[in-house]
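Quick mapping for you: the protein sequence lines, in order, are chains A and B. By the UniProt record's numbering, the letter at position 264 of the first sequence is numbered 264, and the numbering carries on one by one without gaps. By the UniProt record's numbering, the letter at position 182 of the second sequence is numbered 182, and the numbering carries on one by one without gaps.
To be clear, the hints were calculated from the coordinates, so they are not data collected in a lab. Note that beta-carbon positions come from the ideal geometry of N, C-alpha and C, so glycine has one too. Please note that a few of the clues may not be correct.
Where chain A lies over chain B, by a calculated footprint (3+ residues, C-beta under 8 Å) [said to hold, decoys possible]:
1. 14–28
2. 96–109
3. 148–158
4. 258–271
5. 274–280
6. 284–294
Okay, the calculated beta carbon distance ranges per label pair [as the list claims (entries may be wrong)]:
7. B:Ala106 / A:Leu51: 35 to 41 Å
8. B:Leu4 / A:Ala304: 27 to 33 Å
9. B:Gly278 / A:Ala38: 31 to 37 Å
10. A:Leu278 / B:Ala42: 41 to 47 Å
11. A:Phe25 / B:Ala106: 45 to 51 Å
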Amino acid sequence: MREPISTAKPVSASKAQQSGKLSRFWRRTRIVTSSVWAKPEGKFAVLILGLWVLAALVSLVWTPQPLLATNGYEAWQTPSRIHLLGTDGTGADLLSWLLAGSSTNLAICILTVSFAAALGTLLVAATVSRSTALSNTSIVLVDALISIPTVLIALILAVPMGASVAVIVLACGLGYGLNLARVVRPQALLAANADYTYSALSSGASGWQILISHILPNIAQPMAVQLSLSAGTSILAESGLTYLGVGVPSGLPSWGHSLATSVKFIAVYPLTVLWPGLVVTVVVVALNLFGDALRDAIDPASNAALRKVAA
Amino acid sequence: MRFLLRRLLLFALALLAISLVIFAALRILPGDVATIMAGLNAPPDRVEALRAQLGLNRSLPQQYGDWMLGLLHGDFGLSMLTGRPIAAQVGSRAALTFPLITLGLAIALIVGIPLGCLSLMASSSRLRSFYHILSIVGGSIPALWGGLLLILLFSRGVGLVGLLPSQGFPESGWADFGQALESLTLPALTLGILVGASLMRYTRSALGELADSGWIDMARACGMTHNQALVRVGLRLALPQLVSVVGLTFAEMITGAMVVENLFALPGLGSGLVTDLGNRDLIAVQSELFMLAAFFLGVGLIVDLLHRALDPRLKASSAVGEVNA
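With the rest of the complex left out, here is chain B (with noise of 0.2 Å):
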């Protein structure tokens, strides 16, 4: 329960900080945000209008407070490219970015943690060094060229065999889901890839450190073979470490979501966030950078009790520890 809380308490502060970072990063812009906003040669009372509609001619603390407040009723404001409210268009870039990410992450765990066994598994060393060398290239392909090397196979139009669509997503969004589903395979097939190879790499070494404990000796004992107790015993052993990593490797996803985004053409939150920032609609970026960050200190939050729920070990030394204190 105290760790609860002062984990709790960690995550509010977090986000505070991270809020006046960003706050602070476009308040030191050289001119001012409306300035920028309102482009090269833009007279100089549109720039004041433009002040006094964005509120920036109120004083910092103020204009803190009012983001702040906007936040919290869900009020993120206007993009100034499409007037339409901030909140809607950042809902119809997740309802992209979040099923290309799980996706991706599906493919990665059904690819890696597999592959990661059967690296320890191997037999002979040649098998062995096969698999080392397959999970350190597949982790150090760019996504952007690995994206590009998957139009180039499979893509329809460029692609050696015309299965999948390169570019876009459908119109009607999720109403047509095949298709969507169709224009979301290669992209997150870039992005399982490149996070498959590194959870295979981090299942075979959570895997090898246990390979020498007590427990697997303990599993063979008890008449299970060795890659039977790794499997069956080591994976759940492993398991609180490979939850860590697993929330660990979406912050490593979102930055591939973003190259893949703009490269596959997806509205996503990535490649939206990307335009927002090339058409110097601040006030959008403000937000958006945010929520993302809110999202990733969320997932921290979410992978720290998980791993805690997942290990009892770390409760019981906690609890001797509160006892003792």
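Isolated chain A (complex conformation) (with noise of 0.2 Å):
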């Protein structure tokens, strides 16, 4: 079973229950972040996020190098004092393109797994709903879609759109949308057959009522979990489309470009390839072991300090 966070009198909860239930809230978020923290992986994790979120925050405002400082003399140096990691074909300074990219792909990644979160929730919300019709609609509809690759979801919106963020953002939102109703289907569905829903439809709760205090709290888990592995992919999938040509529109700084522009020089300049791959393959690793150290810290099952809070 899941931990009783709501129990039978969730409506008319007085506020001494609410302002304890939210330092119990308090209490588990703080037991999670310590114990995802207390592993090496975790710790890594979390460091390694913390640096791109300051990379991208320091790039608004400032690069190394101008980014469009570009000088045909310098093209293709290799790494110096002033160039770190060398410069491209244009004579752009590498590194400056790649701080400059952490911004976009972490834009990118924060709107991709926003749309994919509210997205799956409002299917998985449709699923629990007690209309017949819009729960096997909705069922229905993430069965048929889920087959279809974010790929072609991206050349299909690639065709009117052109290259540009919202194709990347639409279309694997979309995908990860619809994995992620799928994924937390079965736990919603017990929380929805569950005595404490059905006490609390009896004393009169409204369906968003239900949806709110009792079916998301169940579903925050592993939604959690399966977001935060879904934002490793979109940076993955950033990194492909832009290579496809439908994804960040040229201009734009993103890693996805950087290591693009790269690779039709891989035969003499094999060492510019190196660095943006090597960014995209550590932060999505960070962002895997986050989730993994997430899915760890956030199960009773695993996490003996959140069992006492639950208790």
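Fit chain to chain and form the complex, with the hints in mind.
In structure tokens, the structure reads:
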């Protein structure tokens, strides 16, 4: 069973109960964070992700070299004091572009994950709704569309929209949202058929109230894990779609761009291609490790400290 | 039987929906298909002629109907660029992409499932975290970069060890089997590593869930060791779940295949679609997108049916449901 977050009187909870619930929420959050941090993988992941956010923020106001300062005489330079990672074919500073790319990629990641979370929640809400038509439609929709790969959705969208960040966000968000709905569906259905839900129903709670106080707390954990894995996939998708010419438009810095532009010259300047790929790989590894650490930390079965709070 | 009918109906509905979406995506273009296909600065009469030729001056339902009827008859239209029938073009591209994906999937299965089992059997915690890191890193490498690293390591000309060609596919196609296989090796390896890592994780988690179940205890009581029980009993029990995962990884593979085909200059479905999109050969794009979507919906259908055939518990539970209903 899941932890008894909600008991028989969820609707008319008094203020004291509300604050008790809230403080328990914070205590649980603190336990989860500290158990993620306690593991070396978790520490590594959090540090890398922190570094990423920091780089993204810094790059908005400062990069080591101006992004548009290209100089044909300085093309394909090996790493030096001025260009720490060398330059690309136009003489632009690779490190500056990677730094600037981190903000684009962070934005894509956040937008994609938010869209997926919203869509997934809506689909789950439809699945557990009391209207059979709505719930059947959502189940059918998810099952039917889940086998369409995101790249195909992206290519369809790219026909009218051209290469744009929106194509990545919409296509990936749609794909991951469907996936999310399918992954958390069993738990959502369990919660929807639990005694406390029927009890809330019979004391007059509305569908939305039940969704917020009974269904969402039960699926929040698998959702968080799934979304952190999706965040990693969205970074990988960015590099793939941008390389295919339907992702980030040229001119906007992104890791996928840095990787894609160096591909043609791999035979002559193999060093240039190493850095962007390495950055992408390390960040995706960090996101996946974070997802794994979160899964262990959030599951009462593997985290003893959490069981104590629940009890 | 009821399940089969429902699933087939779902398949047909999804096919219809996706065809409408693709059709709509091409019709809400700023300007219209003919203007874009004729190119910039095309004289108006040329655009008009193209519009008539493509049947674009007819009503939208008529256009959609024509397209669908054509598809049903295996008539996909003509490529604007080469003038060849699109069906033939797709056929020759599929003759590259399907072997590529199959080879990649084979590599992924050979690598992923045993490694997944091994990572669960690992006795020391150090070994366990090694397998864990291996599966995570393997699945975190962008396909593009993985392919590039393999080129840098193994390709003729560029690589440290000049073993395999890094570009292109023999003109003669599969007539020259050895050479064709050689040129697919590095791309398939790129895909295989990528997907193998995720298969490894799935195998590990599916078996891990079973490890605490009564089934394994039962097998051990019959005299198997823990590892024997995991491989012989656990894998069979995890089979339905693994089949589903393999089906879904197909979708992952076509994404990888598009990138890999472009990188290795292979004339396959993925690179062809991207080329047609770049060339604004929209009639070809429309049919190709639909065929790929149909293929994936088909894979989804087959996977669902297989899953059901392999897991008798599902059938039993729904039979009970039907009796009760």
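Hint check results:
1. Interface restraint, the region 14–28 of chain B with chain A: holds (8 residues with C-beta to C-beta distance below 8 Å; minimum three).
2. With a cut-off of 8 Å between beta carbons, the region 96–109 of chain B has 0 residues touching chain A; three or more are needed, and the interface restraint is violated.
3. Evaluation of the coverage hint for the region 148–158 of chain B: fulfilled, as 6 residues show C-beta separations to chain A shorter than 8 Å, against a requirement of three.
4. For the region 258–271 of chain B, the assignment as covered by chain A holds, since 4 residues bring a beta-carbon within under 8 Å of that chain's beta-carbons and 3 suffice.
5. With 3 residues carrying a beta carbon less than 8 Å from a beta carbon of chain A, the region 274–280 of chain B meets the three-residue requirement, and the given coverage holds.
6. With 4 residues bearing a CB less than 8 Å from a CB of chain A, the region 284–294 of chain B meets the requirement of three and the coverage assertion stands.
7. Distance hint for Ala106 of chain B and Leu51 of chain A: a CB-CB separation of about 39 Å, consistent with the stated range 35 to 41 Å.
8. Range check, Leu4 of chain B to Ala304 of chain A: about 47 Å between beta-carbon atoms, so the 27 to 33 Å window is missed.
9. Look at Gly278 of chain B against Ala38 of chain A: about 50 Å separates their beta carbons, and that is not inside 31 to 37 Å.
10. Separated by about 46 Å at the C-beta atoms, Leu278 of chain A and Ala42 of chain B satisfy the suggested range of 41 to 47 Å.
11. At roughly 48 Å, the beta carbons of Phe25 of chain A and Ala106 of chain B sit within the given window of 45 to 51 Å.
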